[in-house]
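Fit chain Z to the given chain V structure using the hints.
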Amino acid sequence: MNNKQILNGVSALLGVFAMLLSAQAHAFCGFYVAKADTGLFNKSSQVVMVRDGDRNVVTMASDYQGKPRDFAVVVPVPSILKRKQIHIANQAVIKHLDDYTAPRLVEYHDEDPCQPPIMYQRALPAPAMAPRSMAFRKKALSHGVTIEAQYTVGEYDILILSAKESGGLITWLTDEGYKLPKGAKPVVGSYLKQGMKFFVAKVNLKKFDQSGFSKLRPIQIAYNHRKFMLPIRLGTVNAKGKQELFIYALTRKGRVETTNYRTVKLPTGYEIPEYIKDKKLFGKFYKDMFNTQVEKHDNKAVFLEYAWNMSWCDPCAADPLSNKELRELGVFWVDKPQKVSANANAKIAPRSMLARPKNVYISRLHLRYDRQHFPEDLMFQATGNTANFQGRYVIRHPWKGEAQCEAGDRYFNVELPKRFKKEAQTLAKLTGWDYSAIRKQQKLPPHTPFNNSDDDSWIDNIWKD
Amino acid sequence: MIHADNKAHQPLTPLTARIDPRHYQLFIQFSLLVWGLLFLDFVIPLSHISAAFASALLSQLAFTRYYRLPANLLSTFNTTLSILLLLHANHWGWIALACVIAIASKFLIRINNKHLFNPSNLGIVALMLITSSAWAAPGQWGQAMWLFLLIGGFGLIPLIGFSRLLTSISFLVFFSTLILIRSLWLGDPWQIPLHQLQNGALLIFTFFMLSDPMTTPDNALGRIIFGFWVAVLGWVLQFMFYIPNAFLFALAASMPLVSLLNHHLKGRPFEWRKGIRIPGKTITTKE
Numbered sequence: 000m001n002n003k004q005i006l007n008g009v010s011a012l013l014g015v016f017a018m019l020l021s022a023q024a025h026a027f028c029g030f031y032v033a034k035a036d037t038g039l040f041n042k043s044s045q046v047v048m049v050r051d052g053d054r055n056v057v058t059m060a061s062d063y064q065g066k067p068r069d070f071a072v073v074v075p076v077p078s079i080l081k082r083k084q085i086h087i088a089n090q091a092v093i094k095h096l097d098d099y100t101a102p103r104l105v106e107y108h109d110e111d112p113c114q115p116p117i118m119y120q121r122a123l124p125a126p127a128m129a130p131r132s133m134a135f136r137k138k139a140l141s142h143g144v145t146i147e148a149q150y151t152v153g154e155y156d157i158l159i160l161s162a163k164e165s166g167g168l169i170t171w172l173t174d175e176g177y178k179l180p181k182g183a184k185p186v187v188g189s190y191l192k193q194g195m196k197f198f199v200a201k202v203n204l205k206k207f208d209q210s211g212f213s214k215l216r217p218i219q220i221a222y223n224h225r226k227f228m229l230p231i232r233l234g235t236v237n238a239k240g241k242q243e244l245f246i247y248a249l250t251r252k253g254r255v256e257t258t259n260y261r262t263v264k265l266p267t268g269y270e271i272p273e274y275i276k277d278k279k280l281f282g283k284f285y286k287d288m289f290n291t292q293v294e295k296h297d298n299k300a301v302f303l304e305y306a307w308n309m310s311w312c313d314p315c316a317a318d319p320l321s322n323k324e325l326r327e328l329g330v331f332w333v334d335k336p337q338k339v340s341a342n343a344n345a346k347i348a349p350r351s352m353l354a355r356p357k358n359v360y361i362s363r364l365h366l367r368y369d370r371q372h373f374p375e376d377l378m379f380q381a382t383g384n385t386a387n388f389q390g391r392y393v394i395r396h397p398w399k400g401e402a403q404c405e406a407g408d409r410y411f412n413v414e415l416p417k418r419f420k421k422e423a424q425t426l427a428k429l430t431g432w433d434y435s436a437i438r439k440q441q442k443l444p445p446h447t448p449f450n451n452s453d454d455d456s457w458i459d460n461i462w463k464d
Numbered sequence: 000m001i002h003a004d005n006k007a008h009q010p011l012t013p014l015t016a017r018i019d020p021r022h023y024q025l026f027i028q029f030s031l032l033v034w035g036l037l038f039l040d041f042v043i044p045l046s047h048i049s050a051a052f053a054s055a056l057l058s059q060l061a062f063t064r065y066y067r068l069p070a071n072l073l074s075t076f077n078t079t080l081s082i083l084l085l086l087h088a089n090h091w092g093w094i095a096l097a098c099v100i101a102i103a104s105k106f107l108i109r110i111n112n113k114h115l116f117n118p119s120n121l122g123i124v125a126l127m128l129i130t131s132s133a134w135a136a137p138g139q140w141g142q143a144m145w146l147f148l149l150i151g152g153f154g155l156i157p158l159i160g161f162s163r164l165l166t167s168i169s170f171l172v173f174f175s176t177l178i179l180i181r182s183l184w185l186g187d188p189w190q191i192p193l194h195q196l197q198n199g200a201l202l203i204f205t206f207f208m209l210s211d212p213m214t215t216p217d218n219a220l221g222r223i224i225f226g227f228w229v230a231v232l233g234w235v236l237q238f239m240f241y242i243p244n245a246f247l248f249a250l251a252a253s254m255p256l257v258s259l260l261n262h263h264l265k266g267r268p269f270e271w272r273k274g275i276r277i278p279g280k281t282i283t284t285k286e
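Those sequence lines, one after another, are chains V and Z.
Residue 0 is where the first sequence starts when you use numbering that gives the first Met the number 0, and the numbers rise one by one after that.
Residue 0 is where the second sequence starts when you use numbering that gives the first Met the number 0, and the numbers rise one by one after that.
Pulled out of the complex, with its shape left as it was, chain V reads as follows (with noise of 0.2 Å):
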């Protein structure tokens, strides 16, 4: 990614999210503590596949922090998209998206080592990401280009544009102020040739002051197509570093995993050093362990980080999506939520108790690409599988209280020290991160030895020789 105009723009760690959970965490899972965001990662792109059959839409997001006049769209699709086929989604429907698949962080409280179990749940404040916007000029002309449609949509001035040749259109697109990226023309040559029309957009000002949104909207797609993919390319033409890619897949039946490239599951349940419970240094380490994942699987890989039936969650990092979300993100098979009527008198049920949809299954896949490794568009199948998976870590607090038995003095002098040891190597391990620095950030809780006022062996010597 090099220009900004183009769909992924640059991505900063905005707000703080902070959530309780209900009390009913599943004991085997832990208790939910923080989770972490896509928005920890630069130069990133979410985009939603809701795919059943050959249907599907698409709704893309960028983490595009500039001006909205600076900021325009460039995508292939597969064929000329009607006025109805285009919608403007609503940015927190993604970011609850985001929320519900993210890798999250549970903890547990040893108990007490003389005692039985005491515990507590806590949920922690966690970063969170932000939306983007897009800027807007036209005309019309051509250069070999047809404008095959031409709409205004929400915030957005959209063209559907098919051309003859690869040459044109960049020309064409150039003068628009588009600015492809050198290079990018053998690409555009290669999707005109596979018969794919361009969608480009760009931010209409006017419309976008009276929207009143301050943050431009995610753009989504429908459209019949029995081709699974997701267009890379033009993405990574100028190769100025790699791109983060969030996908967020929707289906009937099960997950999605790529065709052509790996699949593969972040690692997941490791018990890790209790500090990390610190919402920073959790985003930090989920960063830093993706890091070296990829290098890991030598760059190549597309990874799993969550894969759910969209019905529940556990331990739950966010509700799941409503149907109404769900919806709104194209999941059309899911039932419309009940109008409510002004003359109508029925009892509504709260949010919460609202049926929510048992056959929608989401998959979150994560990626960064580059030209190198990925040099083809990433192609997809939908597949039954309905194992469920998610990034999880384990945090557990030591016991802090006193132990005046012999269990206690175990439990702090060889237990905790064991167990430290090897949550700082499985931490290492994962991060990369330097292991005796680790070691140092781990604090054994105080403990004074056990003095046993029972203790009668002082007897046993006393009349001995």
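Hints listed in this document are in silico derivations from the structure and should not be mistaken for laboratory results.
Bear in mind the structure is a predicted one, so any value in this text is a computation, not a measurement.
Don't take each hint at face value.
[Claimed, not checked] Beyond 12 Å from chain V on every Cβ pair, some chain Z residues (computed):
#	residue
1	Ala103
2	Gly152
3	Leu179
4	Ile242
5	Ser253
[As the list claims (entries may be wrong)] Coverage of chain V stretches by chain Z, computed from C-beta distances (three or more under 8 Å per stretch; other residues unrestricted):
#	region
6	183 to 193
7	261 to 271
8	382 to 389
Note that beta-carbon positions come from the ideal geometry of N, C-alpha and C, so glycine has one too.
Below, chain Z alone, put in the same frame as chain V:
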């Protein structure tokens, strides 16, 4: 050719001629399975592995007993591993069903005393058509293993003979050509066709499924034609109909062509070297 079954010639044949190609194939398949489990993040539960072997062996034993034939378990292992390497399912039952279909097809779907379908191919394709709970994962092998697979694949030449491997070779040559032509036409960089051809699943299919000498045409020219046809059909399904796992479907759909080719182009049917005969098979395998 090397694979003489004639006992008189056996002492003079080189070592490769005394190795049953199925042992070799089993060795490669087993290595792939272990490699996948250890290094490629495969999740193949033990229940799937045991269900696959159990169902395949039991069906094989049942059918051979019924037809009063020797058990011929070696091919059964090949078929089972082939299914395990490419097919995934939510439940072990689907894997078992794929194995039963594969084995049963050898005995039940026969033309001219030859089984029509490539057993593991049919098992996999049938399951993919029957249920969404079973799927093949063409991306799971990645691109890094292509050299190993190519060498492993060509390792079959001394064992079954270049001529018998012509289906695979012809398929690979024509499929590569089609992919290269497409890339040239699109103006894509060479990395793209290379990336498409390095797909591990494609190469496993080419050398360890399509190569099956029992279900490919008897005549060498027939094998070239058959390989060409599977390549064209696979290419069309993949690049014009965007079907994942196109090559698997292409092979299953092309199997009737083998009978047609055998009818018009005469050749000697293949016989596993120390193999067990299936009824009606002639033993003249020396080419």
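We went through each hint and held it up to the structure:
no., hint, verdict
1, Ala103, "holds (23 Å)"
2, Gly152, "holds (20 Å)"
3, Leu179, "holds (14 Å)"
4, Ile242, "violated (8 Å)"
5, Ser253, "holds (21 Å)"
6, 183 to 193, "holds (count 5)"
7, 261 to 271, "holds (count 4)"
8, 382 to 389, "holds (count 5)"
Violated hints amount to a single one, hint 4; each of the other numbered hints is respected by the structure.
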